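Undergrad: Next come the chains, spelled out residue by residue.
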Amino acid sequence: KAGVTQTPRYLIKTRGQQVTLSCSPISGHRSVSWYQQTPGQGLQFLFEYFSETQRNKGNFPGRFSGRQFSNSRSEMNVSTLELGDSALYLCASSLGRTNQRTDTQYFGPGTRLTVL
Amino acid sequence: QKEVEQDPGPLSVPEGAIVSLNCTYSNSAFQYFMWYRQYSRKGPELLMYTYSSGNKEDGRFTAQVDKSSKYISLFIRDSQPSDSATYLCAMSALSGTSYGKLTFGQGTILTVHP
Numbered sequence: 219k220a221g222v223t224q225t226p227r228y229l230i231k232t233r234g235q236q237v238t239l240s241c242s243p244i245s246g247h248r249s250v251s252w253y254q255q256t257p258g259q260g261l262q263f264l265f266e267y268f269s270e271t272q273r274n275k276g277n278f279p280g281r282f283s284g285r286q287f288s289n290s291r292s293e294m295n296v297s298t299l300e301l302g303d304s305a306l307y308l309c310a311s312s313l314g315r316t317n318q319r320t321d322t323q324y325f326g327p328g329t330r331l332t333v334l
Numbered sequence: 070q071k072e073v074e075q076d077p078g079p080l081s082v083p084e085g086a087i088v089s090l091n092c093t094y095s096n097s098a099f100q101y102f103m104w105y106r107q108y109s110r111k112g113p114e115l116l117m118y119t120y121s122s123g124n125k126e127d128g129r130f131t132a133q134v135d136k137s138s139k140y141i142s143l144f145i146r147d148s149q150p151s152d153s154a155t156y157l158c159a160m161s162a163l164s165g166t167s168y169g170k171l172t173f174g175q176g177t178i179l180t181v182h183p
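Quick mapping for you: the protein sequence lines, in order, are chains A and B. The first sequence begins at 219 in my numbering and counts up one residue at a time. The second sequence begins at 70 in my numbering and counts up one residue at a time.
There may be inaccurate statements among the hints.
If you want the footprint, here are the derived chain A segments under chain B, 3+ residues with CB under 8 angstroms [stated by the list, open to error]: (1) 237-244; (2) 249-261; (3) 321-329.
Lysine to aspartate or glutamate pairs mimicking DMTMM-like chemistry, simulated, CA-CA at most 25 angstroms apart [claimed, not checked]: (4) Lys275/A x Glu126/B; (5) Lys125/B x Asp321/A; (6) Lys111/B x Glu293/A; (7) Lys71/B x Glu114/B; (8) Lys111/B x Asp152/B; (9) Lys136/B x Asp321/A; (10) Lys231/A x Glu293/A; (11) Lys136/B x Glu84/B; (12) Lys139/B x Glu300/A; (13) Lys71/B x Glu84/B; (14) Lys136/B x Glu74/B; (15) Lys139/B x Glu72/B; (16) Lys139/B x Asp127/B; (17) Lys125/B x Asp135/B; (18) Lys125/B x Glu114/B; (19) Lys111/B x Asp321/A; (20) Lys111/B x Glu74/B; (21) Lys111/B x Asp76/B; (22) Lys139/B x Asp76/B; (23) Lys275/A x Asp321/A; (24) Lys275/A x Glu300/A; (25) Lys231/A x Asp321/A; (26) Lys275/A x Glu74/B; (27) Lys275/A x Glu72/B.
Calculated from the structure, these hints are not laboratory results. Because the structure is a prediction, the values reported are computed rather than measured. Using N, Cα and C, we set each Cβ at its ideal position, and we do this for glycine too.
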């Protein structure tokens, strides 16, 4: 079974621009979560989508948004990029069942975003 | 104070040593505990998960959870150079407001030298 894929793997942008990152979950998984990883803050939860609906959101500004399509693929958008947005952006997929005892998250390789 | 505390190390051990990695947490709502391993330039890979106090063993890895002390551990026996990576503890609360959210420790950088 193919794992979680993310595109692009590397991205360089300048301040003020916007960026869209893509995530394809494991086949059959309906939940996609996004995380930001930086050396200083570690892995921080951005938001989670299930069946095209955002179910949960972390403490990030509104410049960070996302969406999910009917095939469970998800995109994340960051507008008006700032230097501090440079990070590894990871998505993780899971079945999305409400019984989270068995709802394990599997991560993709990440998109490395550099903002100049 | 962070909800999950993890000593970032770095930790350097000789091949064959027993490695102990630990995390403490403050949120009593955390019920589901995981350990991930992350190699350089890769995404985190799930090693073990558990939702009860006690020990869980899988090959050379043992995960230990003590909910009364809010303390979890991962032990690696007979460590190998290929175990060199960053180890992340992660936790989630089993409630509707926690959909899809894992809370991570800072990660411990481990190096196993031959």
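Undergrad: What hints, given by number in increasing order, does this structure fail?
TA: Hints 1, 4, 11, 12, 13 and 25 contradicted; others consistent.
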